[in-house]
Amino acid sequence: GENVEQHPSTLSVQEGDSAVIKCTYSDSASNYFPWYKQELGKRPQLIIDIRSNVGEKKDQRIAVTLNKTAKHFSLHITETQPEDSAVYFCAVAGGSYIPTFGRGTSLIVHP
Amino acid sequence: EAQVTQNPRYLITVTGKKLTVTCSQNMNHEYMSWYRQDPGLGLRQIYYSMNVEVTDKGDVPEGYKVSRKEKRNFPLILESPSPNQTSLYFCASSLNILGEGELFFGEGSRLTVL
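Residue numbers (the numbering used here), protein chains in the order written: chain C, 1 to 111; chain A, 1 to 114.
Here are a few chain A residues that face chain C, going by a calculated C-beta distance under 7 angstroms:
| id | residue |
| --- | --- |
| 1 | Gly-42 |
| 2 | Leu-43 |
| 3 | Tyr-48 |
| 4 | Gly-99 |
| 5 | Glu-100 |
| 6 | Glu-102 |
| 7 | Phe-105 |
| 8 | Glu-107 |
| 9 | Gly-108 |
In case anyone wonders, no lab produced these hints; they're calculated from the structure.
Backbone N, C-alpha and C define an ideal beta-carbon position, used for all residues, glycine too.
Only chain C is shown next, with the shape it has when bound in the complex (with noise of 0.2 angstroms):
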């Protein structure tokens, strides 16, 4: 199936400084791309999504950029908050495969 790598597995930072997770995938005919979060105790939930005909989308402090060519998306946060400590998961969808799920970063922010 398609194969999904996301790195890092976790990542610390200090409360205002930016995150950045990326992801890499196999399938070149994989069209969307979204990213969920999942807090503690809870179910994921969609935060924001990207269709590969756009390469940048932004939502307040989330955006998704996509790099079609190389195979690639990132998901950037700035100014961190603690709310935002959570488990983020990558996934692509499209192409020729089923919904792939990466294996998800864990992310802390620290006060």
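Given chain C, put chain A in place with the hints provided.
Below, chain A alone, put in the same frame as chain C:
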């Protein structure tokens, strides 16, 4: 309220005792799927369904069965549970038939097999 509902939320069972985890969505979604979440392994897809009576295997289908007799329901069946099926299970649904849109997750079902 639009939602995906799973039951039970918590279950402890013994090896070999058949169990069913139910999943129901009220959003008229075509696509439904089951994931298991294990530490360090992320969300791995077990089975998915693009429509009534249409189901297919995901990445880790061994030991599981599903059915889709109605659009809103997608139960996960463990015919003979084993300890390696101890996990956190999520049901999810999407309006997009190929899952190429937002996935709405249930609250999760934590299963322990002794």
